[in-house]
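S.K.: We have chain A; now place chain B onto it with these hints.
Protein chains: 2
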Amino acid sequence: MYWEDVAAGTRRELGSYTFTQDEIVRFARKYDPQPFHVDPEAAQRSIFGGIVASGWHTAAIWMKLAIADRQKPGNASPLMRAGVSPGYQDMRWLKPVRPGTRLTYSSEVVGKTELKSRRDVAIVLTLNEARDDAGELFFSFIGKGLVQRRPR
Amino acid sequence: MYWEDVAAGTRRELGSYTFTQDEIVRFARKYDPQPFHVDPEAAQRSIFGGIVASGWHTAAIWMKLAIADRQKPGNASPLMRAGVSPGYQDMRWLKPVRPGTRLTYSSEVVGKTELKSRRDVAIVLTLNEARDDAGELFFSFIGKGLVQRRPR
Numbered sequence: 001m002y003w004e005d006v007a008a009g010t011r012r013e014l015g016s017y018t019f020t021q022d023e024i025v026r027f028a029r030k031y032d033p034q035p036f037h038v039d040p041e042a043a044q045r046s047i048f049g050g051i052v053a054s055g056w057h058t059a060a061i062w063m064k065l066a067i068a069d070r071q072k073p074g075n076a077s078p079l080m081r082a083g084v085s086p087g088y089q090d091m092r093w094l095k096p097v098r099p100g101t102r103l104t105y106s107s108e109v110v111g112k113t114e115l116k117s118r119r120d121v122a123i124v125l126t127l128n129e130a131r132d133d134a135g136e137l138f139f140s141f142i143g144k145g146l147v148q149r150r151p152r
Numbered sequence: 001m002y003w004e005d006v007a008a009g010t011r012r013e014l015g016s017y018t019f020t021q022d023e024i025v026r027f028a029r030k031y032d033p034q035p036f037h038v039d040p041e042a043a044q045r046s047i048f049g050g051i052v053a054s055g056w057h058t059a060a061i062w063m064k065l066a067i068a069d070r071q072k073p074g075n076a077s078p079l080m081r082a083g084v085s086p087g088y089q090d091m092r093w094l095k096p097v098r099p100g101t102r103l104t105y106s107s108e109v110v111g112k113t114e115l116k117s118r119r120d121v122a123i124v125l126t127l128n129e130a131r132d133d134a135g136e137l138f139f140s141f142i143g144k145g146l147v148q149r150r151p152r
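Heads up: the protein sequence lines correspond to chains A and B, in order. Taking my numbering, the leading residue of the first sequence gets 1, the next gets one more, and so forth. Taking my numbering, the leading residue of the second sequence gets 1, the next gets one more, and so forth.
This is chain A alone, in the form it adopts within the complex (with noise of 0.2 angstroms):
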């Protein structure tokens, strides 16, 4: 698939994941120690009421779903990158993430850009949404992904 290929509108469903205890923590640890999510007792006496995931985490959830959609057979995403991502625009973390949430994370097609500099590849702007089961925003970004162009 090309960007000439991608239509604006189009969504995809990436997967879902639910975030365990042990997998926050241990995300944390290496990442992100601050008490509300390493330290059950802490984060208990914490703004949060209890342990929540490194928004870190949240975010390197997406990716992990966004590689294995690109890899499944005969999938070609539009998330398809041909070199470095140019970037990521507004990221926020709405909702804290619990142990036990189980996120839906999407992706939507929102803009296509062509480039003045390059003609071999061109930008799609996507709309990245996690929700709970309820249906709930938890988490969301643009992405600026850069697509081959269809070659001629």
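Hints may contain errors.
[Unchecked claim] No more than 27 angstroms apart at the CA atoms, straight line, and that leaves these computed lysine-lysine pairs for BS3-like:
id: 1; chain 1: B; residue 1: Lys30; chain 2: B; residue 2: Lys64
id: 2; chain 1: B; residue 1: Lys30; chain 2: B; residue 2: Lys95
id: 3; chain 1: B; residue 1: Lys30; chain 2: A; residue 2: Lys95
id: 4; chain 1: A; residue 1: Lys112; chain 2: A; residue 2: Lys144
id: 5; chain 1: B; residue 1: Lys64; chain 2: A; residue 2: Lys144
id: 6; chain 1: B; residue 1: Lys144; chain 2: A; residue 2: Lys64
id: 7; chain 1: B; residue 1: Lys95; chain 2: A; residue 2: Lys116
id: 8; chain 1: B; residue 1: Lys64; chain 2: B; residue 2: Lys144
id: 9; chain 1: B; residue 1: Lys95; chain 2: A; residue 2: Lys112
id: 10; chain 1: A; residue 1: Lys64; chain 2: B; residue 2: Lys116
If you are wondering where the hints come from, they were derived from the structure by calculation, not from laboratory data.
M.R.: Just chain B, lined up with the frame of chain A:
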């Protein structure tokens, strides 16, 4: 330190981190198993010409260093949060991070905003960067942090 005490223009070095191939592969196997992150042979044939770190890994190390900096005795960091971070803006991965790359992360206060909805906290905007020993910029983003206001 309260929001009122945070001075725009204040810049902190958060610390340095050297990415090893082992750690790059370990992180990516879990969260970002693309060939150029996890498979040295395949990475050589990729556009990167070798193993590079997942962008989420580079970001997670920022968090790791920011927390370590915050926990230094006597350090009243303006990165302190009073709740869920409202989000991050404009995340950019500008150069591939290869094994052996040492990045030094910094955070500079670039703005302060009051909130209409809350009197107890207000927003500090930070420009966060990671540069190698030659000063080349590899990673940057704008962070929005909630900081407690001086009680009145």
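S.K.: Taken at face value, is the distance from the CA of B:Lys116 to the CA of A:Lys64 at most 27 angstroms?
M.R.: violated, 37 angstroms
S.K.: When you check the alpha-carbon spacing of B:Lys30 and B:Lys64, does it fall within 27 angstroms?
M.R.: holds, 18 angstroms
S.K.: Hinted pair, alpha-carbon criterion (27 angstroms max): B:Lys30, B:Lys95. Please report holds or violated.
M.R.: At roughly 22 angstroms apart (the allowed maximum being 27 angstroms), B:Lys95 and B:Lys30 satisfy the hint.
S.K.: Checking one constraint from the list: CA of B:Lys95 to CA of A:Lys116, max 27 angstroms. Satisfied?
M.R.: holds, 20 angstroms
S.K.: Are B:Lys30 and A:Lys95 close enough, with their CA atoms no more than 27 angstroms apart?
M.R.: holds, 24 angstroms
S.K.: Between the alpha carbons of B:Lys95 and A:Lys112, is the straight-line distance 27 angstroms or under?
M.R.: holds, 23 angstroms
S.K.: What's the verdict on B:Lys144 and A:Lys64, does the C-alpha distance respect the 27 angstroms limit or exceed it?
M.R.: Distance ~25 angstroms between B:Lys144 and A:Lys64 Cα, so the pair holds.
S.K.: CA of B:Lys64 to CA of B:Lys144, is that 27 angstroms or under?
M.R.: holds, 17 angstroms
S.K.: Measure nothing beyond the straight line between the CA atoms of A:Lys112 and A:Lys144; if it is 27 angstroms or shorter, mark the hint as holding.
M.R.: Roughly 9 angstroms between the alpha carbons, so the hint for A:Lys112 and A:Lys144 holds.
S.K.: For B:Lys64 and A:Lys144, compute the direct alpha-carbon distance and say whether it is at most 27 angstroms.
M.R.: holds, 25 angstroms
The structure fails hint 10 only (numbered hints given earlier).
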